[in-house]
Amino acid sequence: MKKIIIIVFSLLAMGSLLLAACQPAATETAAVPTSPEQPTSAPVEGATATQEAATEVPATPAPEKSGGTFTYGASAVVQFDPPFINDDPSFHVASLVHVFLFRSILSADESTMTTIPELASSWDLQEDGKVVIFHLNQGWTFQDGNDVFPEGQGREITADDVVYSIDRMVNIDGTKSPSDLVGGYESAEAVDKYTVKLTLKEPDAVLFATGRGLTSTAILPKEAVDQLGEDWALNPIGGGPFEFIEYVPDDHVTLQRNEDYNITPYLDQVVLKIIPDQQVQVISLEAGDVDDLPSLPAEEFDRFENDPNYKLYRANCPFSFNLQFDFKYEPFQDMNVREAIAHAVDGRAIMKNQYGGQWVDGCGIAGPGIPGYDPDLCDKYFTYDTTKTEQLMTDAGWAKNADGIWEKDGQPLSFVFEVWNTTPAPTIATAAVTQMKEAGFDVQLTEVEFGTWIEDALGENTQKPMMMWSGFCGEGGMNSYWGRNGLSRGWGFDNEEVFTMLDQANVIVDPTQRQDLLQNAQDIIYGSYADVPLGFATNYEISNARVEDYIVIMWFDNLVTANNNVWFSSK
Amino acid sequence: MATLEDISKQRELKPINPWIDKFRQILHNRFAVLGLLALILLAFIAIAAPLISPYDPDVMDLGNSLQPPSAQHWLGTDKLGRDEFTRVIFGSRVSLVVGFIVVGIAMSVGVTLGSIAGYFGGVADNIIMRIVDVVIAFPFLILAIAIVAIVGPSLTNMMLVLGGVVWIDYARVVRGMFLSLKEEEFVVAARVVGAKDSRIIFRHLLPGCMGVIIVQATFGIAASILAASALSFLGMGAQPPTAEWGAMLSEAKPYLRKLPMMTFAPGLAIMITVLAINFVGDALRDAFDPRILKI
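Chains as they are written, first to last, in my numbering: chain A, 1 to 571; chain B, 572 to 866.
These are calculated hints, taken from the structure and not from any lab test. A couple of the hints might just be wrong.
[Stated by the list, open to error] Residues from chain A that keep clear of chain B, each with C-beta distances beyond 12 Å, as calculated: (1) A76; (2) D81; (3) D124; (4) T254; (5) I283; (6) E300; (7) Q354; (8) D409; (9) F417; (10) Q435; (11) S470; (12) G471; (13) V507.
[Unchecked claim] Derived pair list, reagent style DSS-like, types lysine-lysine, alpha-carbon separation capped at 30 Å: (14) A/K65 / A/K176; (15) A/K388 / A/K400; (16) A/K328 / A/K222; (17) A/K437 / B/K593; (18) A/K222 / A/K197; (19) B/K753 / A/K273; (20) A/K352 / B/K829; (21) A/K437 / A/K408; (22) A/K273 / A/K201; (23) A/K328 / A/K273; (24) A/K130 / A/K176; (25) A/K328 / A/K400; (26) A/K273 / B/K824; (27) A/K222 / A/K130; (28) A/K352 / B/K824.
Cβ atoms here follow ideal geometry from the backbone N, Cα and C, with glycine treated the same way.
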């Protein structure tokens with residue numbers, strides 16, 4: 001019997017070796033460039049001018065383009081009530097089921113985000129931007145064939161629905177509505193059946209910016225919210241291009257074409273398959289089980305970059321990875337120590353190694369293309385220079401002990417660095433920790449589950465001397481992180497000059513003035529080494545090559561807009 | 572054919588130390604010898620790791636990441652450009668240390684409490700065995716994950732938690748042996764001549780349990796190495812940049828298809844180590860099991 005066991009193990013081991021040897025080289029790919037489909041017309045500019053009607057899209061789809069089920073691989077969904085959505089996949093569902101006043105999309109040259117009308121055919125800014133008048137399309141209806149609106153009885157969407165939805169988004173307890181909207185909102189009123197007047201306390205420069213202001217305010221039917229009660233969050237009814245059919249927890253969400261939408265979608269159905277593991281998502285894409293993944297893992301980028309069987313869509317929102325100091329930890333109250341650590345970590349090399357083709361050079365929180373971006377920030381403050389580290393630590397009164405660890409008054413500079421445990425955060429953190437250790441800092445890296453990390457990051461009394469954070473890529477991200485009510489307050493960041501500048505930036509509509517103000521604020525933040533920025537990376541969405549006319553941005557799923565209507569080139 | 576009488580005569584003529592006898596039996600088992608040799612080699616690798624490994628396990632070479640096996644890097648490099656062969660070698664240190672420390676903790680606690688429960692019986696037995704029942708009611712790994720999640724992930728915490736969970740196996744075995752042995756005549760005799768409880772436990776009962784404890788401990792080391800690798804794989808054990816086989820497997824997961832050697836190397840290391848220990852454990856069990864009479 002033992003012999004048999006040994007033989008089986010030997011065969012298994014040999015089989016594994018053979019499999020390993022037979023793997024194709026990672027670089028064997030065809031050199032065919034891929035790019036997302038371009039919008040067919042120039043989108044309308046953002047918040048600074050009266051908006052005009054969007055490009056005409058045929059209301060009746062061409063028969064040869066109709067049909068098919070578009071399948072996503074999504075890590076998880078939670079619930080679909082817009083004010084409480086906190087994750088991308090859930091918002092993907094909401095952005096397909098609901099109608100919005102306008103939608104964010106990528107500009108024709110893929111360089112900036114812009115807005116195109118949806119329910120609102122146009123809008124005017126009045127009183128220097130304190131008042132916005134939305135003119136609604138007539139004849140748009142909520143979806144029918146459900147518990148609230150029987151088949152053929154979908155109610156028309158009117159100004160009252162818009163007022164209700166904005167009011168609910170801002171005022172409901174526990175809302176995740178963007179802080180600029182919550183802070184600046186004064187009132188919304190229906191001027192007539194198809195006109196809405198939104199009044200703000202101050203002009204809001206990011207009211208139309210992706211992820212900020214009104215962009216995530218879906219227009220909801222009040223009677224559906226009231227009638228469905230607790231069931232509403234998992235049974236959304238909206239006026240968007242797809243109707244909600246079912247959500248089987250931890251398995252899938254099914255949506256079907258809304259025949260009554262202003263533009264008839266080419267796709268029959270949209271299915272979100274719940275696939276928690278990123279590697280399994282990639283395997284599902286290659287097996288043809290899903291058509292699209294909202295986020296291609298960085299380590300797979302090289303393999304798909306030039307593969308003609310797939311299309312990559314670059315999200316125009318570079319997100320950063322940063323090492324955050326907790327100012328409650330006494331040694332980090334000394335700027336020399338913070339600066340010394342900043343010079344001990346080679347952020348550029350770490351991020352380039354991790355992200356390869358997805359890496360975006362730069363430092364700070366506002367990346368290239370985002371207001372406040374400063375191309376000189378890395379070279380100005382964050383050069384990799386361990387000689388400087390030695391000098392700064394010595395100047396600050398620290399000396400290395402017998403183990404090569406910085407020490408002061410007999411106390412070694414020893415601290416915990418907390419990071420969440422999903423790829424690629426641990427790898428990036430490991431690289432940073434290795435370099436800090438080499439420079440004489442005794443760092444203990446601790447990987448925790450994401451929920452624990454969030455709790456620790458938000459907890460005011462939590463003392464984690466160093467934590468990693470990532471994200472805040474969009475317009476207004478700087479305010480969300482470093483602003484008066486930003487996340488950094490939990491780590492003891494307190495700089496009235498920065499808060500004032502960011503408050504002002506929120507209400508200055510002129511882009512040049514805002515750029516200067518945000519750039520100056522960022523210079524103060526990073527000039528004082530409030531954290532160590534490692535660099536930026538860009539998310540790529542990936543679909544198989546048969547997906548046509550897709551315009552991708554983060555958070556939203558724009559399968560059907562005034563500028564595009566997704567279809568399959570082969571069924 | 573030798574009769575039992577012949578054998579007893581032979582033994583009377585040449586009295587043999589029972590431990591040497593067991594050792595001889597083990598040496599007659601080819602798999603056990605293979606396992607022993609593998610363990611000796613592993614122990615040597617672990618002790619001499621800094622001398623035999625070509626690189627520092629933590630030194631990164633970011634411009635040289637994810638390299639396939641080559642003359643410079645026998646098992647390739649990982650995402651941070653660290654030499655995979657070096658990290659597998661250093662990983663043996665962590666795994667063996669974890670195995671022995673976990674079993675050390677578990678044995679200390681389990682044998683002590685098992686002895687108390689088995690020898691004294693009554694309330695002490697009731698309390699200890701109900702605690703054992705409670706701990707045994709939870710799936711072992713899930714309980715370990717839950718506790719590590721509460722106390723925080725680290726190598727030390729993982730070893731303490733694993734030791735604190737697996738002690739029940741030793742307690743149950745020792746208690747069972749004590750219940751049986753304490754009724755034996757030699758124990759009764761010792762009690763009659765006025766031997767103290769501690770003397771009876773340490774001089775008469777525990778030596779009688781040593782065989783079973785050793786077998787249990789051997790399998791325990793293998794199980795601990797596997798459990799530690801599983802916890803580290805889940806991010807609950809050794810923290811980066813420590814070279815630990817389970818953690819290395821976790822780091823290799825995204826590159827399973829691109830660079831399978833990253834997964835294969837630590838996986839094979841775990842398999843060989845656990846297999847070697849189990850071979851030795853099997854032979855020890857055979858040697859100490861009174862139901863298997865070796866002639």
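Hints and how they fare:
Every beta carbon of chain B lies more than 12 Å from that of A/A76, the smallest distance being close to 18 Å; the non-interface claim holds. No Cβ of chain B approaches the Cβ of A/D81 within 12 Å, the least distance being about 30 Å, so the stated non-interface status holds. Once the 12 Å rule is applied to beta carbons, A/D124 is consistent with being away from chain B; the minimum gap is 50 Å. Against chain B, the non-interface label of A/T254 holds: every CB pair exceeds 12 Å, the least being about 30 Å.
Taking the minimum C-beta to C-beta distance to chain B, about 9 Å, the non-interface status of A/I283 is violated against the 12 Å cut. Residue placement check: A/E300 does not keep its beta carbon more than 12 Å from all beta carbons of chain B (closest about 8 Å). For A/Q354, the condition that its CB be more than 12 Å from all CB atoms of chain B is violated, with the nearest at approximately 7 Å. No Cβ of chain B approaches the Cβ of A/D409 within 12 Å, the least distance being about 27 Å, so the stated non-interface status holds.
Consistency note on A/F417: stated as away from chain B, yet its beta-carbon is not over 12 Å from all of that chain's, at 10 Å minimum. The Cβ of A/Q435 sits about 8 Å from the closest Cβ of chain B, inside the 12 Å cut-off, so the non-interface label is violated. A/S470, annotated as away from the interface, keeps every beta carbon of chain B farther than 12 Å; the closest lies near 17 Å. Under the 12 Å C-beta cut-off, the non-interface status given to A/G471 relative to chain B holds; the minimum distance is some 20 Å.
Residue placement check: A/V507 keeps its beta carbon more than 12 Å from all beta carbons of chain B (closest about 43 Å). Using a Cα cut-off of 30 Å, the hinted pair A/K65 and A/K176 is violated, with the two alpha carbons roughly 38 Å apart. A threshold of 30 Å between alpha carbons decides the hint, and for A/K388 with A/K400 the separation of about 15 Å falls inside it, so the pair holds. At most 30 Å may separate the alpha-carbon atoms for a hinted pair to count; A/K328 and A/K222 exceed this at roughly 46 Å.
Between A/K437 and B/K593, the direct Cα distance comes to roughly 49 Å. Violation of the 30 Å bound is thereby established for this hinted pair. With a C-alpha separation of about 19 Å, the suggested pairing of A/K222 with A/K197 holds against the 30 Å cut-off. Between the alpha carbons of B/K753 and A/K273 the distance comes to roughly 62 Å, so the proposed pair goes past 30 Å and is violated. The straight-line distance between the Cα atoms of A/K352 and B/K829 is roughly 19 Å, inside the 30 Å bound, and the hint therefore holds.
Distance check on the hinted pair: A/K437 and A/K408 sit about 17 Å apart at the alpha-carbon level, within 30 Å; holds. For the hint pairing A/K273 with A/K201, the CA-to-CA distance comes to about 42 Å; that exceeds 30 Å, so the pair is violated. About 43 Å separates the Cα atoms of A/K328 and A/K273, which puts this hinted pair outside 30 Å; it is violated. Proposed proximity of A/K130 and A/K176 is supported: the alpha carbons are some 22 Å apart, at most 30 Å.
Between A/K328 and A/K400, the direct Cα distance comes to roughly 24 Å. Compliance with the 30 Å bound is thereby established for this hinted pair. Note on A/K273 and B/K824: the hinted pairing holds, with a Cα-Cα distance of about 22 Å set against a maximum of 30 Å. For the hint pairing A/K222 with A/K130, the CA-to-CA distance comes to about 27 Å; that is within 30 Å, so the pair holds. A threshold of 30 Å between alpha carbons decides the hint, and for A/K352 with B/K824 the separation of about 20 Å falls inside it, so the pair holds.
When held up to the earlier numbered hints, the structure conflicts with 5, 6, 7, 9, 10, 14, 16, 17, 19, 22, 23 and fits the remainder.
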